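Going line by line, the protein sequences match chains L and Z. First residue of the first sequence? That's 19 in my numbering, and the numbers climb one at a time after it. First residue of the second sequence? That's 2 in my numbering, and the numbers climb one at a time after it.
Treat the hints as calculated values from the structure; they're not laboratory data.
Here are the simulated DMTMM-like pairs of lysine to aspartate or glutamate, each with C-alpha atoms no more than 25 Å apart in a straight line:
| # | chain 1 | residue 1 | chain 2 | residue 2 |
| --- | --- | --- | --- | --- |
| 1 | Z | 157 | L | 30 |
| 2 | Z | 157 | Z | 188 |
| 3 | L | 102 | Z | 139 |
| 4 | Z | 68 | L | 105 |
| 5 | Z | 157 | Z | 87 |
| 6 | Z | 157 | L | 29 |
| 7 | Z | 157 | L | 33 |
| 8 | L | 60 | L | 74 |
| 9 | L | 69 | L | 95 |
| 10 | Z | 104 | Z | 59 |
| 11 | L | 110 | L | 74 |
| 12 | L | 107 | L | 30 |
| 13 | Z | 68 | L | 30 |
| 14 | L | 107 | L | 59 |
| 15 | Z | 68 | L | 33 |
| 16 | L | 102 | Z | 51 |
| 17 | Z | 35 | Z | 188 |
| 18 | Z | 157 | L | 95 |
| 19 | L | 102 | Z | 86 |
| 20 | L | 102 | Z | 159 |
| 21 | Z | 68 | L | 28 |
| 22 | L | 69 | L | 57 |
| 23 | L | 110 | L | 41 |
| 24 | L | 102 | Z | 87 |
| 25 | Z | 68 | L | 29 |
| 26 | Z | 68 | Z | 87 |
| 27 | L | 102 | L | 74 |
| 28 | Z | 68 | Z | 101 |
| 29 | L | 96 | Z | 139 |
| 30 | Z | 157 | Z | 180 |
| 31 | L | 107 | L | 41 |
| 32 | Z | 35 | Z | 168 |
Partner residues aside, some chain L positions facing chain Z, computed with beta carbon under 10 Å:
| # | residue |
| --- | --- |
| 33 | 19 |
| 34 | 24 |
| 35 | 28 |
| 36 | 29 |
| 37 | 33 |
| 38 | 34 |
| 39 | 78 |
| 40 | 80 |
Predicted model, so just to flag it, every value in this text is computed and none were measured. Using N, Cα and C, we set each Cβ at its ideal position, and we do this for glycine too.
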Amino acid sequence: MLLIRCPYCEEERPELEFRNAGEAHIARSADIAGDSDDDFEKFFFIRSNPKGIIYERWRHIHGCARFFNAVRDTITDKFVMTYKAGEPKPSKLPNNSNDVVAK
Amino acid sequence: MAKAVASKADTAVLPSVERRPALAGRAASGPSVKVEMLPPAQRISLRAPETAIAALSDALGVALPNKPKTSAAMSGRTALWLGPEEWLVIDEAGNDPLADCAKVPLLHSAVGISHRNVAIAVTGAGAAATINAGCPQDLSLDAFPVGAASRTILGKAEIVLLRNGPDDFRVECWRSFSDYVFTFLSEGARDAAV
Chain L
19 MLLIRCPYCE EERPELEFRN AGEAHIARSA DIAGDSDDDF EKFFFIRSNP KGIIYERWRH
79 IHGCARFFNA VRDTITDKFV MTYKAGEPKP SKLPNNSNDV VAK
Chain Z
2 MAKAVASKAD TAVLPSVERR PALAGRAASG PSVKVEMLPP AQRISLRAPE TAIAALSDAL
62 GVALPNKPKT SAAMSGRTAL WLGPEEWLVI DEAGNDPLAD CAKVPLLHSA VGISHRNVAI
122 AVTGAGAAAT INAGCPQDLS LDAFPVGAAS RTILGKAEIV LLRNGPDDFR VECWRSFSDY
182 VFTFLSEGAR DAAV
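Extracted from the complex, chain L is given alone in its bound form (with noise of 0.2 Å):
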């Protein structure tokens, strides 16, 4: 079983409390009903798909029900690290998920 930090519980917590919420830092237009076909579906149904380093919406819904932001990697399925919802996409990554425990 993986175990998932979760940035408001402030420790690790089995996977079976958690649930996958999609793509992160995808931001709705201001303007959604200005935007062209071409934007919406890309805002709407285009995901990037990386293989590697994916930015993911995770919900620890069986715990304290929050959304928070993962950095996953698509190839080993190993999280990188978790921060908090709104805060911005982290400039550099650990190597690994315990420099951030320890922060």
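Assemble the complex: chain L is given as a structure, and chain Z must be docked to it using the hints.
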């Protein structure tokens, strides 16, 4: 005339209003653990911003905990930290925490959920092992000390877990899940080895 007939009929078929809590009185036990339904209690779900915490703590008579996975208890009333700015307040002394919160003029949300939840006591040397039959959290005393509280899962149902003592847990679940949770715990109690 019609009115008189109606009121007469009302009294004749008035259903019993006696409250029957889910699974009241049910109990199960294993070699080292007892699983019992707890009596009804008053409960509220409380959401409040930082600015209202002090006033609500005063009104409730129990300091709302601010740290994850903790609880605070004072004269029959327990406040459990469920998430940031979210608490479950349980009153076993028969007082209404909802009325106490209503006296606070600051922004907050208190919702009465006394009838939504039921509580199950899991006690005995095998209590942690019993709950771990379906709950993936680390329940060792280092990771989940006495007084620790957390929303988590048991099998497929969401529960709120509170540790009252080294071998004494309170499991809160929604009453519609109570049959599932109770049966799960009694199966766990049968298998719990110490």
